[in-house]
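Engineer: If you want the building blocks of each chain, they are given just below.
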Amino acid sequence: MPHIVTDNCAGCRFTDCVSHCPVECFHGDAERVYIDPDVCIDCGACIPACPVHAIYETIDMPDEFTFWVSENAEKAKRLPVLRSRQEPLPTAAARRSELGY
Amino acid sequence: MSVQTSETKVVRGACPQDCPDTCAFLYHVEDGKLVEVTGDPDHPMTRGGLCVKLKNFAEHHYHPDRLLYPMQRIGPKGSGKFERISWDQALERIRTEWTKIIDQYGAQAIMPHAYLGHQGTINGLTSGDAFFNRLGSTVAEKTYCESGSSTAWIMTVGPTGGLDVESLAYSKYIIVWGMNMMNTNLHAWPFIMEAKSNGAKIVVIDPVRTRTAKQADWHIAIRPGTDGALALGMMNVIIAEDLVDRDYVGSYTVGFEDLAARAAEFPPERVAEITGIKANDIRKLAREYASAQPSAIRQGVAVERSPGGGDAIRLITMLPALVGAWRHVGGGTIEMPIWEFPFNFDFMCRPDWIRPGTRVVNELQLGAALTGELKLDPPIKSLFVYNSNPVSQAPNAAKIVEGLMREDLFTVTSELFITDTAKYSDILLPAAMQAEVYDLMVTWGHLYAQLNQPAIKPAGECVANSELFRRLARTMGFSDDHFKLSDEEMVVGSYHWDAPAFQGITIEKLKEKGWIRLNVGSPSERAPHAKGNFKTPSGKCEFKSSMAANGNFVVEVWRSGYSGMQPGGYVDPVPNFIPSVESREANPDLASRYPLNLVSPKPHAFLNTQYGNEAVQQRRQGEQLIIINPQDAAARGIGAGSYVRVFNDRGTFEAKAEVSDDVMAGLLLTNVGHWPGHNRTGTAVNSTTAPRHSNLGNAGAYSDNLVEIRPV
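These protein sequence lines map, in sequence, to chains A and B. Read in order, the letters of the first sequence correspond to residues 1 to 101 in this note's numbering. Read in order, the letters of the second sequence correspond to residues 1 to 712 in this note's numbering.
Rather than coming from a laboratory, the hints here were simulated on the basis of the structure. Built from N, CA and C at the ideal position, the CB exists for glycine as well. One thing to keep in mind: the hints can contain errors.
[Stated by the list, open to error] Short, incomplete list of chain A residues facing chain B, as computed with Cβ under 7 Å: (1) 1; (2) 16; (3) 20; (4) 23; (5) 24; (6) 41; (7) 43; (8) 44; (9) 45; (10) 59; (11) 80; (12) 83.
[What the hints assert, rightly or not] Straight-line C-alpha distance at most 16 Å; calculated EDC-like pairs for lysine to aspartate or glutamate: (13) 214(B) <-> 24(A); (14) 214(B) <-> 38(A); (15) 214(B) <-> 36(A); (16) 544(B) <-> 572(B).
For reference, chain A alone in the conformation it holds in the complex (with noise of 0.2 Å):
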């Protein structure tokens, strides 16, 4: 089952996830990434790569996320895809903090 990245990406936009994507699934704003369900393959890669625990399997996320399905799915399709990590937004440390991480 797909992947989705939740609201914990924007303010912080590590892009670790980019890093440890083997099919380049990742695209992004300036805010936050997002994941192309059609191109993820599910490995899970992404997830412990997060510093701040924004991405989740759809299969066991909790029913809070279920937003983030469709809104991966349809940013993903507009927004251009990231090959490889970027410097974070640098809101990330504040931004990291206050989510407690």
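Following the hints, put chain B in place on chain A, whose structure we already have.
Structural biologist: Below, chain B without anything else, positioned relative to chain A:
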């Protein structure tokens, strides 16, 4: 005050599965329990990630259904009713039954059945060979997969590793031919993505618009079983338009004139009719492939799964020599690089113990062998199954079940779980799982030696195959030193450690590092056939094969090291297009009753049947689906999501319909690997497939399968 401490450790290992990626593992153990298995972040292929199939590998070791103790059957055959017995009781029963059989019929009445359920050196494909050769059993030909490709590859370029998948990063044009890499060779895909970001064009040739095809720059949909015609069509264009690397062909190949004459019979218009690919696309593919150097071809096993599969692999393997792609780093073709490893097969398989004239029975003919159709003398009176699950994975499953139901057949199975095959056994023996065993892993997809070290104790009374065959040898009274070797002594004996490829590799270093690259040059510099150096009898790429003179053969590793009783039969020295048997052209009567061609690639979340009994993997994979083109679905009144019956004269199964133009009209796709016993009718796709071979290496021709479907 008491302080609780827990002991945690990380142990290095490697994946046991029949997959080209052979990932480097880190076993995470707490207080003797395996809590997680992760990919080694430092390994150049694994890169820290495993795959969807192995996601719950730690939990799999503790699956409640795991077979933990020897068992004997207490109900009718196939009822799945067993009771626990001791190892001593199990071995004594085997000794009694086998002694009786040997006295009355001779040892050839016993047949082993194995494949790559485990991919270790001492627990894998060849782990039982020495024992069964010593016993004098029938030699089982293990040709489930890759055997046709092996024969074709060796006839053409010899036992060479060919192109390294890591070198794909340096290619300018990559053809993925008959492989859904994102499902089945995931860890090589990043090298293709790297090439792509450097400007390479990615082409996927596949009957199905797979997830890999969707990521390519160009998907070429080809009719199953016509790959040889496409390769000949490309050659026709390359030769006609003078895109041949004449210096390379002149120096490092033999038989160009013969090949050119054969290719001349395949102009693009004729090939278009055979393959369903437009003639102009064939021309474009040929021109681009020849001109964009370095060009690379990643061959998939799917190509061999048709009657002409062997010659198709030969033809595809010739293309890089024709255009001089081998000159460059990143140029050439990948089939499987296993031939770079310096195996000592004489030690592993002990073919010196095979008695002259010993017969060979092909495992894909298991049903016919057990039911008497092959008219074997002596008949098979006992079957010993390990590392395999023929009721799911071998063709013509109903015939196999019929054979396994024989009251006079004594069946023993060594397994992790009570599979669809194991349930017909008289005796079950519990097998160890990967975190519990010591082995140097065999790989057919990269160039690293990898040691799997045990992280936890075997569950229950499970034993590794190495120990299983030691126990069986003792039981049968074999006092040979071979059966007294420790696991490490067996691993050491299985390789030529002084071979150039193993320079710098020792057991001690492997214990510390887990994995070491073979001494074959780095991916950024390696061009193994820049100056010929092919491993054929002529030392050249053989467009006209000198090995064809002795007829069809199975490479000895797939037949316990045995060189005798090869299949033989005519092999054209210059490969040709050999059409399918089950097609409208070849068999119009059959095609009128069964008009749809069913292909059955591997599933996404299972590894063949392994993990097909994990609830979480079942959710990831979903139930048995069949993908149907909208035109074929409409013609039969089949709606998306409805259940259909798939059938032909061999058998039937049911699946849920997915309607999609990812498959062309006339084509159906379902996956092999769902446990037949979990399906609606207790059957799966191999109830419909034919026990037919590819033209080389006795490989299975699973894609040559016509069926019809009806709504349930």
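Engineer: Now look at each hint and say whether the structure bears it out.
Structural biologist: Checked hints:
At a threshold of 7 Å, the smallest CB-CB gap from residue 1(A) to chain B is about 6 Å, leaving the interface hint in force. At a threshold of 7 Å, the smallest CB-CB gap from residue 16(A) to chain B is about 11 Å, leaving the interface hint violated. With its C-beta approaching chain B no nearer than about 6 Å, residue 20(A) sits inside the 7 Å limit, and its interface hint holds. Below 7 Å, beta-carbon pairs count as interface contacts, and residue 23(A) has one with chain B at about 6 Å; its hint therefore holds.
Hint on residue 24(A) holds. Least Cβ distance to chain B is approximately 5 Å, under the 7 Å limit. At its closest, the beta carbon of residue 41(A) sits 5 Å from a beta carbon of chain B; the interface hint therefore holds under the 7 Å criterion. Because the smallest distance between the Cβ of residue 43(A) and any Cβ of chain B comes to about 5 Å, under 7 Å, the interface hint for this residue holds. A distance limit of 7 Å between C-beta atoms decides the matter here; for residue 44(A) the minimum to chain B is near 6 Å, and the interface restraint holds.
The beta carbon of residue 45(A) comes within 3 Å of a beta carbon in chain B, closer than 7 Å, and the hint placing it at the interface holds. A distance limit of 7 Å between C-beta atoms decides the matter here; for residue 59(A) the minimum to chain B is near 5 Å, and the interface restraint holds. Look at residue 80(A): its Cβ only gets to about 13 Å from chain B, farther than 7 Å, so that hint breaks. For residue 83(A), the interface hint holds, the least distance from its beta-carbon to any beta-carbon of chain B being 6 Å, beneath 7 Å.
For a cut-off of 16 Å, the pair hint linking residue 214(B) to residue 24(A) stands: about 13 Å separates their Cα positions. The straight-line distance between the Cα atoms of residue 214(B) and residue 38(A) is roughly 9 Å, inside the 16 Å bound, and the hint therefore holds. For the suggested pair residue 214(B) and residue 36(A), the alpha carbons sit about 13 Å apart, so the restraint of at most 16 Å is met. Taking the CA atoms of residue 544(B) and residue 572(B), the gap is near 9 Å; set against the 16 Å cutoff, the hint holds.
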